[in-house]
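Listed below are the residues making up each chain.
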Amino acid sequence: MLSIAGHRATGIGLVLGLLLLTWWLTAAAFGEPAYTTTMAFIGSWFGKFILFGFSFAFYFHLCTGVRHLFWDAGKGFEIPDTQRTNQIVIAAAVMLTLLTWLIV
Amino acid sequence: MVPKPDMLRSALGRVRGLGSAKEGTHHWWQQRLTAVALIPLSIWLIASIVSLSSAGYAGFASWFHNPIHATVMILFLLAVFHHAQLGLQVVIEDYVPNHAARTVCVVAAKFACIALAVSCVVSILVVAFKG
Numbered sequence: 001m002l003s004i005a006g007h008r009a010t011g012i013g014l015v016l017g018l019l020l021l022t023w024w025l026t027a028a029a030f031g032e033p034a035y036t037t038t039m040a041f042i043g044s045w046f047g048k049f050i051l052f053g054f055s056f057a058f059y060f061h062l063c064t065g066v067r068h069l070f071w072d073a074g075k076g077f078e079i080p081d082t083q084r085t086n087q088i089v090i091a092a093a094v095m096l097t098l099l100t101w102l103i104v
Numbered sequence: 105m106v107p108k109p110d111m112l113r114s115a116l117g118r119v120r121g122l123g124s125a126k127e128g129t130h131h132w133w134q135q136r137l138t139a140v141a142l143i144p145l146s147i148w149l150i151a152s153i154v155s156l157s158s159a160g161y162a163g164f165a166s167w168f169h170n171p172i173h174a175t176v177m178i179l180f181l182l183a184v185f186h187h188a189q190l191g192l193q194v195v196i197e198d199y200v201p202n203h204a205a206r207t208v209c210v211v212a213a214k215f216a217c218i219a220l221a222v223s224c225v226v227s228i229l230v231v232a233f234k235g
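Top to bottom, those sequences are chains A and B.
My numbering numbers the first residue of the first sequence as 1 and each following residue consecutively.
My numbering numbers the first residue of the second sequence as 105 and each following residue consecutively.
Possibly wrong hints are sitting among the right ones.
The calculated label-pair distances, taken between Cβ atoms and stated as ranges, are [as the list claims (entries may be wrong)]:
# : chain 1 : residue 1 : chain 2 : residue 2 : range
1 : A       : D81       : B       : I153      : 20 to 26 Å
2 : A       : I4        : B       : H203      : 20 to 26 Å
3 : A       : T82       : B       : I153      : 28 to 34 Å
4 : A       : D81       : B       : A204      : 39 to 45 Å
5 : B       : S114      : A       : A91       : 45 to 51 Å
6 : B       : N202      : A       : G43       : 38 to 44 Å
7 : B       : I150      : A       : T37       : 33 to 39 Å
Since the hints were derived computationally from the structure, they do not count as laboratory data.
C-beta: ideal position from N, C-alpha, C; glycine also.
Extracted from the complex, chain A is given alone in its bound form (with noise of 0.2 Å):
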């Protein structure tokens, strides 16, 4: 129950994230000065932190929604399944998160 919430929950947050990339891309658009006063916010600490919040929330979404794809085929609806799967989501979401940061 906890990720089927958290699912809801990062996609929420994820959209808040499209609100960044619009003015990511659409700073872009209107040349190199309103690039930089962009990139110079995400790239302040304030700007990595809701980053790497939206990075975590980003890796969660996956991992529950390929669950969810799973659910659909039927598969692992099982209370122990989704004990199981519960564990699985939350290892690899911090997982790819923690590697994405380690890249970076």
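Following the hints, position chain B against chain A.
Relative to chain A, chain B alone:
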């Protein structure tokens, strides 16, 4: 014999397969199609963001001068905003009980997603075509 719920439906209702939502599985199917498309597209976006994070404006511009990058980015944008408005609709329909408020929220979410999607696509095209 236990009566099957399906027997309560008319033959025409079964053929149309639209159910109580009156649109069949269209919403559900669109959500899944965009979800599957977004698995590779969003991972590509993450990789792009990582490589562009320290590339500056010139790096950003030259990245999207490549027509393949511009195409994949626009595919991502179309899929993600379609996926977002479908998901927002489900959440709003589940948690906003008042019918009028619910309709206003759903319409606002859809309009906002379309406006953001067009802004993003235009921005990519502007950068892609700028000399």
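For this session: Go ahead and decide if the range 39 to 45 Å is satisfied by the Cβ distance of A:D81 to B:A204.
Result: holds, 41 Å
Problem set entry | Range hint compliance [Cβ, A:T82 to B:I153, 28 to 34 Å] | The hint (28 to 34 Å, Cβ to Cβ) holds, given that A:T82 and B:I153 are roughly 32 Å apart.
Exercise. If you check the beta carbons of B:I150 and A:T37, does the distance land in 33 to 39 Å?
Worked result: Between B:I150 and A:T37, where Cβ atoms are some 23 Å apart, the hint is violated.
Exercise. Lying within 20 to 26 Å: is that true of the beta-carbon distance A:D81 to B:I153?
Worked result: violated, 34 Å
Exercise. Is the gap between the beta carbons of B:S114 and A:A91 within 45 to 51 Å?
Worked result: Roughly 49 Å apart at Cβ, these two residues keep to the hinted range, so it holds.
Exercise. Falls inside 38 to 44 Å, the C-beta gap from B:N202 to A:G43?
Worked result: holds, 43 Å
Problem set entry | Range hint 20 to 26 Å (beta carbons of A:I4 and B:H203) holds or violated | Once the Cβ atoms are compared, 25 Å apart, the range 20 to 26 Å for B:H203 and A:I4 holds.
When the structure is compared with the earlier hints, violations turn up for hints 1 and 7 and for no others.
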